[in-house]
Amino acid sequence: MEIFQGLINGFSIALTPINILFAFLGAVFGTAVGVLPGLGPAATIALLLPTIYVISSPVTAIILMAGIFYGSMYGGSTTSILLNLPGEAASVVTCIDGYKMAQKGRAGAALGIAAIGSFVAGTIGIVGMTLFAPVIATFALSFGPPEKFSLAVVGLLLAVTLSGSSIVKGLVMMALGLLLASVGLDPISGKTRLAFGVIELQSGFDFVTLAMGVFGLGEIFSGLESSIKSEAMSTKIGKVWPTMKDWVESRMAILRGTIVGFFVGVIPGGGAVISSLVSYAMEKKLAKRPEEFGQGAIQGVAGPESANNAASSSSFIPLLTLGIPGNASIAMIFAALLIKGVTPGPFLIQEHPDVFWGVIASMYVGNVMLLILNLPLVGVWAQLLRVPFGIMAPVIILFTAIGSYSIQSQAFDIYSLVGFGLFGYLLRRLKFEPGPMVLAFVLGPMVEGSMRQSLLMSGGTFSIFLTRPISLALIGLFAVLAIGQFAVMLRKKTSTTS
Amino acid sequence: MKRLFALMVAAFFVFAALPVASMAQDAYPAKPITAVVPMAAGGSSDLLARAVEKFWTKYSKQPLVVVNKPGGGGVVGTEGVVRSKPDGYTLYLGYGSGHDVVMPSLQKMPYDPLKDLIAVARLSIHSVVIVTGANSPFNSVKDIIAWSKKEGKPVTTAVSVKAGAVDIALTAFGKAAGVNIVTVPFQGGAEATTALAGGHLMIGGGHPSEIIPHIKAGRFKALAVVTPERDATLPNVPTLKEEGINVYTWGSIKGLAAPAGTPKEVVGYLEGTVKKICDDPEFKTTMNNLFQPIMYQGSEDFAKFMKQATADYAKLIKDLDIKIE
Amino acid sequence: MDRSERIASVVLVALGLFVAFYARQYLKIGMMISPGAGFLPFCIGIALTVLGVIWFLQTLYTRKAQGPIEQACSSEDIAEGSESRRTRILYRFLPGVLLVILYAWLLEKAGYILSTTLFMVGWQKAVERQGWLKTAVIALLAAGGMYTLFSYLLKVFLPTGTWFD
Numbered sequence: 001m002e003i004f005q006g007l008i009n010g011f012s013i014a015l016t017p018i019n020i021l022f023a024f025l026g027a028v029f030g031t032a033v034g035v036l037p038g039l040g041p042a043a044t045i046a047l048l049l050p051t052i053y054v055i056s057s058p059v060t061a062i063i064l065m066a067g068i069f070y071g072s073m074y075g076g077s078t079t080s081i082l083l084n085l086p087g088e089a090a091s092v093v094t095c096i097d098g099y100k101m102a103q104k105g106r107a108g109a110a111l112g113i114a115a116i117g118s119f120v121a122g123t124i125g126i127v128g129m130t131l132f133a134p135v136i137a138t139f140a141l142s143f144g145p146p147e148k149f150s151l152a153v154v155g156l157l158l159a160v161t162l163s164g165s166s167i168v169k170g171l172v173m174m175a176l177g178l179l180l181a182s183v184g185l186d187p188i189s190g191k192t193r194l195a196f197g198v199i200e201l202q203s204g205f206d207f208v209t210l211a212m213g214v215f216g217l218g219e220i221f222s223g224l225e226s227s228i229k230s231e232a233m234s235t236k237i238g239k240v241w242p243t244m245k246d247w248v249e250s251r252m253a254i255l256r257g258t259i260v261g262f263f264v265g266v267i268p269g270g271g272a273v274i275s276s277l278v279s280y281a282m283e284k285k286l287a288k289r290p291e292e293f294g295q296g297a298i299q300g301v302a303g304p305e306s307a308n309n310a311a312s313s314s315s316f317i318p319l320l321t322l323g324i325p326g327n328a329s330i331a332m333i334f335a336a337l338l339i340k341g342v343t344p345g346p347f348l349i350q351e352h353p354d355v356f357w358g359v360i361a362s363m364y365v366g367n368v369m370l371l372i373l374n375l376p377l378v379g380v381w382a383q384l385l386r387v388p389f390g391i392m393a394p395v396i397i398l399f400t401a402i403g404s405y406s407i408q409s410q411a412f413d414i415y416s417l418v419g420f421g422l423f424g425y426l427l428r429r430l431k432f433e434p435g436p437m438v439l440a441f442v443l444g445p446m447v448e449g450s451m452r453q454s455l456l457m458s459g460g461t462f463s464i465f466l467t468r469p470i471s472l473a474l475i476g477l478f479a480v481l482a483i484g485q486f487a488v489m490l491r492k493k494t495s496t497t498s
Numbered sequence: 001m002k003r004l005f006a007l008m009v010a011a012f013f014v015f016a017a018l019p020v021a022s023m024a025q026d027a028y029p030a031k032p033i034t035a036v037v038p039m040a041a042g043g044s045s046d047l048l049a050r051a052v053e054k055f056w057t058k059y060s061k062q063p064l065v066v067v068n069k070p071g072g073g074g075v076v077g078t079e080g081v082v083r084s085k086p087d088g089y090t091l092y093l094g095y096g097s098g099h100d101v102v103m104p105s106l107q108k109m110p111y112d113p114l115k116d117l118i119a120v121a122r123l124s125i126h127s128v129v130i131v132t133g134a135n136s137p138f139n140s141v142k143d144i145i146a147w148s149k150k151e152g153k154p155v156t157t158a159v160s161v162k163a164g165a166v167d168i169a170l171t172a173f174g175k176a177a178g179v180n181i182v183t184v185p186f187q188g189g190a191e192a193t194t195a196l197a198g199g200h201l202m203i204g205g206g207h208p209s210e211i212i213p214h215i216k217a218g219r220f221k222a223l224a225v226v227t228p229e230r231d232a233t234l235p236n237v238p239t240l241k242e243e244g245i246n247v248y249t250w251g252s253i254k255g256l257a258a259p260a261g262t263p264k265e266v267v268g269y270l271e272g273t274v275k276k277i278c279d280d281p282e283f284k285t286t287m288n289n290l291f292q293p294i295m296y297q298g299s300e301d302f303a304k305f306m307k308q309a310t311a312d313y314a315k316l317i318k319d320l321d322i323k324i325e
Numbered sequence: 001m002d003r004s005e006r007i008a009s010v011v012l013v014a015l016g017l018f019v020a021f022y023a024r025q026y027l028k029i030g031m032m033i034s035p036g037a038g039f040l041p042f043c044i045g046i047a048l049t050v051l052g053v054i055w056f057l058q059t060l061y062t063r064k065a066q067g068p069i070e071q072a073c074s075s076e077d078i079a080e081g082s083e084s085r086r087t088r089i090l091y092r093f094l095p096g097v098l099l100v101i102l103y104a105w106l107l108e109k110a111g112y113i114l115s116t117t118l119f120m121v122g123w124q125k126a127v128e129r130q131g132w133l134k135t136a137v138i139a140l141l142a143a144g145g146m147y148t149l150f151s152y153l154l155k156v157f158l159p160t161g162t163w164f165d
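Respectively, the protein sequence lines represent chains Y, F and X. Oh and the first sequence: position 434 is 434 in the numbering used here, straight run, nothing missing. Oh and the second sequence: position 114 is 114 in the numbering used here, straight run, nothing missing. Oh and the third sequence: position 99 is 99 in the numbering used here, straight run, nothing missing.
Check each hint, because a few of them may be wrong.
Think about it this way: if two alpha-carbon atoms lie no more than 30 angstroms apart in a straight line, the pair counts; the simulated DSBU-like pairs of lysine-lysine are [unchecked claim]: (1) Lys340(Y) x Lys149(F); (2) Lys61(F) x Lys109(X); (3) Lys31(F) x Lys191(Y); (4) Lys31(F) x Lys340(Y); (5) Lys58(F) x Lys315(F); (6) Lys31(F) x Lys275(F); (7) Lys307(F) x Lys191(Y); (8) Lys191(Y) x Lys108(F); (9) Lys264(F) x Lys125(X).
Footprint (simulated), chain X over chain Y, 3 or more residues, beta carbon under 8 angstroms [what the hints assert, rightly or not]: (10) 15-23; (11) 103-110; (12) 142-155; (13) 384-395; (14) 409-418; (15) 450-458.
Since the hints were derived computationally from the structure, they do not count as laboratory data. Backbone N, C-alpha and C fix where the C-beta goes; we use that ideal spot for every residue, glycine too.
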């Protein structure tokens with residue numbers, strides 16, 4: 001078969017010493033970037049572009065960048081689990097059960113399952129890419145504004161239902177998240193909203209600053225208030241590896257997460273986040289003991305982590321087959337390719353087959369490398385929790401401060417970080433879950449923007465959301481989920497009072 | 001013991017301040033030059049900047065460092081440059097974009113792009129191209145006009161940023177041709193062209209670097225360019241004027257600028273370096289790969305051009321009564 | 001705990017009203033057919049107001065449902081804990097927060113290395129009450145290590161300090 005031929009050719013390219021070296025470098029670098037709170041893969045790739053120009057072969061260049069990209073996916077889950085610091089939007093969901101597991105001394109198990117799940121998902125995702133790339137790409141294109149709206153709305157609903165017990169509090173968090181997202185320039189009307197004349201707010205708040213502040217600094221400030229002496233972050237280390245039981249419980253979660261992530265991740269602009277949400281909600285619904293979710297259920301880590309890795313694999317598809325970048329990191333890779341004279345698009349397979357197959361083959365290699373890299377590190381990371389709070393806390397603050405600062409090189413972002421930290425502290429005191437707020441913040445622009453774009457397209461009629469098949473299906477899903485949630489609420493109320 | 005220790009600490013502080021204090025006053029440029037691109041990474045301005053960055057070290061002893069500062073439609077990053085020290089180490093790459101030449105006529109700006117910035121050199125002009133999907137019934141601009149007159153329904157149009165160069169060009173076309181154009185803004189050119197590629201809108205506008213890959217892929221048809229003359233990267237595409245519609249815009253101009261007050265020698269040096277880069281044959285190849293035409297202009301000519309372009313846009317906006325709602 | 005929740009719910013209602021008002025005054029809400037910039041903020045404002053009211057009512061309801069004994073217990077706990085809580089806030093929480101704010105202010109003026117060192121020293125002394133030796137070691141290692149990591153390895157732009165220009 002042609003595909004087989006291409007793959008074999010690709011492997012012969014990917015397994016040359018220099019490409020193996022660069023895949024490794026990319027993986028290491030990417031993991032480091034993912035672990036360090038604040039620095040994202042897109043920014044890193046941008047910084048490395050001058051170095052990339054020097055590399056003569058485009059294949060090698062992409063191998064390096066791709067390595068950084070999905071290496072950072074692996075690394076991002078580390079901080080989410082250990083420190084409750086989501087490195088990217090797609091890791092927010094991992095924080096929920098991952099951090100709880102770490103607090104219970106099961107950090108090693110969480111990290112291990114995340115690594116294994118990511119590997120399985122990444123590999124299956126790449127296989128899917130190899131076989132189905134063109135079909136998937138066309139599917140991605142069919143997601144116009146109405147479909148994106150419907151999908152984002154489903155995402156919002158799922159985000160709200162994640163929040164513990166109180167629906168009211170969950171909705172408040174969602175509303176606040178949407179409100180924070182509307183600060184800044186509104187792309188549809190061109191007006192600046194809620195900036196009150198502060199010039200730095202013209203571009204709105206940045207996700208990293210918000211998430212680091214609310215999750216990271218909020219946690220630290222709470223810690224400061226609750227103990228007079230500092231102790232280690234977690235005294236129990238427990239088993240460093242996932243047990244057989246963990247593995248058995250998680251395998252279906254990993255598989256399901258992979259499928260969800262692969263398909264949803266193709267959609268440009270939010271695929272990874274939504275796929276992690278869908279996976280979490282799915283696992284919760286299908287679990288034998290759903291009450292464990294939120295307290296450290298391993299499926300709550302395995303599913304979303306697999307989903308976001310599958311999503312990062314499939315986000316390459318629109319780039320390689322259509323020449324459309326789906327997120328900031330892929331956009332950088334796109335830019336580098338163009339400069340090297342390779343135009344990503346449907347002709348990429350024909351014009352530069354070595355690039356296409358070389359990259360895909362290298363992704364297999366990269367995934368294996370990341371697994372080999374990360375599994376032993378799990379033990380090391382788990383030990384990190386032994387470092388006393390007195391040192392960890394200021395170091396985390398310093399890292400996140402620079403992370404925020406480096407986004408736009410303005411000190412205002414650090415002030416925002418502190419502000420969000422105090423806000424996060426308040427939320428904890430008032431028993432709110434910050435997750436839905438952060439997720440609503442990420443999904444907000446997609447919801448609002450797509451809705452207004454759709455209405456412009458349809459001339460004001462809402463029927464556009466129902467006349468298009470994909471959108472209709474998603475709205476239907478939303479209705480089913482909402483009604484289901486309502487029914488659960490009612491049942492709880494009646495059972496407690498009776 | 002304590003005193004020795006205190007001495008060590010003091011020494012450390014001195015040591016820490018050293019790397020900063022040792023900035024000797026060498027001839028310009030003595031340290032890397034920052035080029036701020038107030039747009040998202042991967043966009044057409046960013047691609048141009050990266051290409052320039054790549055070739056800069058060939059002609060200058062200090063590298064050019066490209067920094068993305070997107071936000072506020074370009075205003076945030078540009079303002080940062082305006083307020084920086086005019087010593088030639090902070091420059092603005094992308095001068096002449098929508099927020100420089102179009103926005104002043106539409107809303108209040110925190111700075112004056114013509115007075116607060118010095119035009120150093122022009123690199124390129126990204127014209128606005130009107131495109132439609134390959135399966136669309138439209139084959140020329142005249143088809144759009146005819147359809148609109150017959151059906152009386154609005155023509156949905158994908159554009160990049162609200163009130164940006166693309167939006168203005170398409171809106172102007174609509175008003176001049178009597179077509180009810182509804183522009184649907186997206187977050188940047190890439191998103192807009194993707195939506196159009198998916199067939200979700202009837203027509204769209206974009207720059208050649210965004211459009212041509214799709215044309216080559218057989219997904220788009222280019223109907224017209226809005227610049228007064230044909231674009232070098234799309235020689236077979238007629239201008240709007242040729243199609244009978246007397247509207248033109250300068251598209252999105254891309255140049256290098258420095259904050260007002262930058263010394264003349266510095267501007268001269270930068271202008272010279274840019275000229276050398278634009279003459280470099282490898283740079284020409286790279287720009288071809290990016291589908292961006294090289295249109296060099298020196299500092300004085302560029303400054304005059306910017307004034308002209310701003311005035312042209314102002315007149316267009318006034319004549320056709322375009323405003324932000 | 002009820003009291004802080006009740007205050008917070010009132011604050012929330014006020015916020016909701018403010019946002020809704022702001023949206024109406026300064027931004028076009030538009031109609032459903034073509035929502036303007038103020039549409040979503042307005043809806044959020046209304047939603048926050050409504051949710052705030054519901055939350056407020058909820059706090060009243062739980063208070064009633066708790067009964068007098070539980071009410072007395074919870075307020076006792078608060079009184080007892082507040083003594084040490086006040087010390088914790090004064091000696092750990094406040095210095096920590098202030099240090100970060102100071103760091104943000106200092107960063108671009110004094111440059112990365114100096115600011116980071118001072119921050120670490122401040123933290124170890126004020127928040128952790130460490131001795132001078134340990135403080136110095138931690139501060140030097142942290143500042144030096146991070147500078148190497150960010151500046152050399154990752155090539156992140158770190159401010160050099162306007163005071164030294």
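Check your understanding: So which of the earlier hints does this model not fit?
Key -> 1, 3, 5, 9, 10, 11, 12
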